[in-house]
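All chains, full assembly: derive it from the sequences and hints.
Using full-length UniProt numbering, the letters of the sequence shown map in sequence onto residues 1 to 130.
No wet-lab data here; the hints were simulated from the structure.
Careful, some of the hints might be misleading.
What the hints assert, rightly or not - Derived DSSO-like pairs: lysine-lysine, alpha-carbon spacing no greater than 27 Å straight-line: (1) Lys91 to Lys112; (2) Lys112 to Lys98; (3) Lys4 to Lys72; (4) Lys50 to Lys91.
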Amino acid sequence: MFLKIGELSERTSCSVLTIRFYEKEGLIPQPERTEGNYRMYSEEYIDRLKFIVNCRSLNMNLNEIKKLLSYKDIPNQNCSEINELIDIHIKDVQESIKNQQRLIEQLLDIRKTCDGLCTVDKCGVLKNLA
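Written out as structure tokens, the structure reads:
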């Protein structure tokens, strides 16, 4: 059974533009085409796109996803490199969280400079951002 791109989009919750982007980036292979040049996707594309969507939901970048897909495409390999990739991603996420925490602290400090009772020309927030 083959699906057109719109049907694949509906089944995977990926927009048509996103599917085309993933094709262009090599995350999914180029599909077969009809005589009318319509893309025709097999059922395997559904699983692959769902895998990509799951990875994106974990904030993985395209290079990380490409690596995971390359491992997935050769299933008899040892999976230790996959764990290394995930460990690196965990460290990146932890660093991002630390940066976000620092940003929250900065914003809270700026927010404390205005009690909301003065006029805009005396607003501590605006003065701190200047």
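Going through the hints against the structure:
no.	hint	in the structure
1	Lys91 to Lys112	32 Å, violated
2	Lys112 to Lys98	21 Å, holds
3	Lys4 to Lys72	25 Å, holds
4	Lys50 to Lys91	24 Å, holds
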